[in-house]
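Which chain is which? The protein sequence lines are V and E, in order. For the first sequence, my numbering begins at 1 and goes up steadily by one. For the second sequence, my numbering begins at 1 and goes up steadily by one.
Calculated directly from the structure, the hints in this document are not laboratory data. Note that the coordinates shown come from a computational prediction; the quantities given were computed from them, not determined experimentally. Check each hint, because a few of them may be wrong.
Said to hold, decoys possible - Straight-line distance between alpha carbons at most 30 angstroms, and here's what the computed DSS-like set of lysine-lysine pairs gives:
(1) Lys67/V x Lys70/E
(2) Lys69/E x Lys71/V
(3) Lys41/V x Lys70/E
(4) Lys19/V x Lys70/E
(5) Lys70/E x Lys71/V
(6) Lys56/E x Lys44/V
(7) Lys70/E x Lys40/V
(8) Lys52/V x Lys56/E
(9) Lys40/V x Lys69/E
(10) Lys41/V x Lys56/E
(11) Lys52/V x Lys19/V
(12) Lys69/E x Lys22/V
(13) Lys36/V x Lys70/E
(14) Lys41/V x Lys26/E
(15) Lys56/E x Lys67/V
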Amino acid sequence: DTAVSQTPKYLVTQMGNDKSIKCEQNLGHDTMYWYKQDSKKFLKIMFSYNNKELIINETVPNRFSPKSPDKAHLNLHINSLELGDSAVYFCASSALGGDYNEQFFGPGTRLTVL
Amino acid sequence: SQQGEEDPQALSIQEGENATMNCSYKTSINNLQWYRQNSGRGLVHLILIRSNEREKHSGRLRVTLDTSKKSSSLLITASRAADTASYFCATLDTGRRALTFGSGTRLQVQP
Numbered sequence: 001d002t003a004v005s006q007t008p009k010y011l012v013t014q015m016g017n018d019k020s021i022k023c024e025q026n027l028g029h030d031t032m033y034w035y036k037q038d039s040k041k042f043l044k045i046m047f048s049y050n051n052k053e054l055i056i057n058e059t060v061p062n063r064f065s066p067k068s069p070d071k072a073h074l075n076l077h078i079n080s081l082e083l084g085d086s087a088v089y090f091c092a093s094s095a096l097g098g099d100y101n102e103q104f105f106g107p108g109t110r111l112t113v114l
Numbered sequence: 001s002q003q004g005e006e007d008p009q010a011l012s013i014q015e016g017e018n019a020t021m022n023c024s025y026k027t028s029i030n031n032l033q034w035y036r037q038n039s040g041r042g043l044v045h046l047i048l049i050r051s052n053e054r055e056k057h058s059g060r061l062r063v064t065l066d067t068s069k070k071s072s073s074l075l076i077t078a079s080r081a082a083d084t085a086s087y088f089c090a091t092l093d094t095g096r097r098a099l100t101f102g103s104g105t106r107l108q109v110q111p
C-alpha cells in the first residue's frame, strides 16, 4: 500500500557502469518527477513526465535518461556512472491541476559510485 | 541558481519551545509549500500557502507568506522530539510545473 515506491533503496557500483532505478506510484497521479539530493541536502529537479510525456528536462547530462512506460512508472537509467553521480535520488508524483502541486515522494535511492 | 534560501540552516531547541524557520525566494510564485524530511527518508508535504494568502494554520504549524518581501516563515509551536527533521520550503513558480526547493533547515528538538 506504499504510495510511491522506488527500487533499489541502496545502489553501490563502480565508475563507468550503467544502472537503473525504478519508480512506481499507485496514487493515480498523472505527473511524476525525479529529483537529485546532494550531500548538502540540496534537492534539485531533474525530470518531470506528465502522462508519459516529458515536460521538464533540467540541465542534466544526457547520460541520464528517464523512461515512462505508463503514467504509473518513471524509471531512471544512468549510463557511464561518474563519481559525481553519487547522491540520493527521489521519485515523486503529483496530480497536476490548477495551482495545486503537492508532491508525494518515494523513500529515495542512495547511489554510491566508487 | 538556488531559488529558496532558508534561515537558519540549523536550529536546536528544547521540547516545548517554538521553532521558527524562514525561507526567501526570488521569482513570482503560484504557491509556496513546506516539506519535512526525516533522516534517511523521503519528503512529506506539510502545508501549502497560495500567493494570495498571508497566513495559514494546520495543527501546530503556522505559515506566513509575504510576497512583497518574497519570504515565508514556518512556525512549529510546542515542539516535540519527534519534530526533529529537516524542513524545506518549495515554490511553485509562475509558468513552471515543478517545485523549486530551498536548502532546508535542520531542526533538532532536545527531549
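Each hint, compared with the structure:
1. Lys67/V x Lys70/E: violated, 36 angstroms
2. Lys69/E x Lys71/V: Since the Cα atoms of Lys69/E and Lys71/V sit roughly 38 angstroms apart, the hinted pair is violated (cutoff 30 angstroms).
3. Lys41/V x Lys70/E: holds, 22 angstroms
4. Lys19/V x Lys70/E: The hint is violated at about 40 angstroms.
5. Lys70/E x Lys71/V: violated, 35 angstroms
6. Lys56/E x Lys44/V: holds, 26 angstroms
7. Lys70/E x Lys40/V: The given pair, whose Cα atoms are some 24 angstroms apart, holds under the 30 angstroms limit.
8. Lys52/V x Lys56/E: Given that 30 angstroms is the threshold and the Cα spacing comes to 35 angstroms, the pair is violated.
9. Lys40/V x Lys69/E: Answer holds: Lys40/V to Lys69/E is near 26 angstroms, not above 30 angstroms.
10. Lys41/V x Lys56/E: holds, 26 angstroms
11. Lys52/V x Lys19/V: holds, 21 angstroms
12. Lys69/E x Lys22/V: Not satisfied, since the Cα-Cα distance of roughly 40 angstroms exceeds 30 angstroms.
13. Lys36/V x Lys70/E: Roughly 25 angstroms between the alpha carbons, so the hint for Lys36/V and Lys70/E holds.
14. Lys41/V x Lys26/E: holds, 20 angstroms
15. Lys56/E x Lys67/V: Distance ~38 angstroms between Lys56/E and Lys67/V Cα, so the pair is violated.
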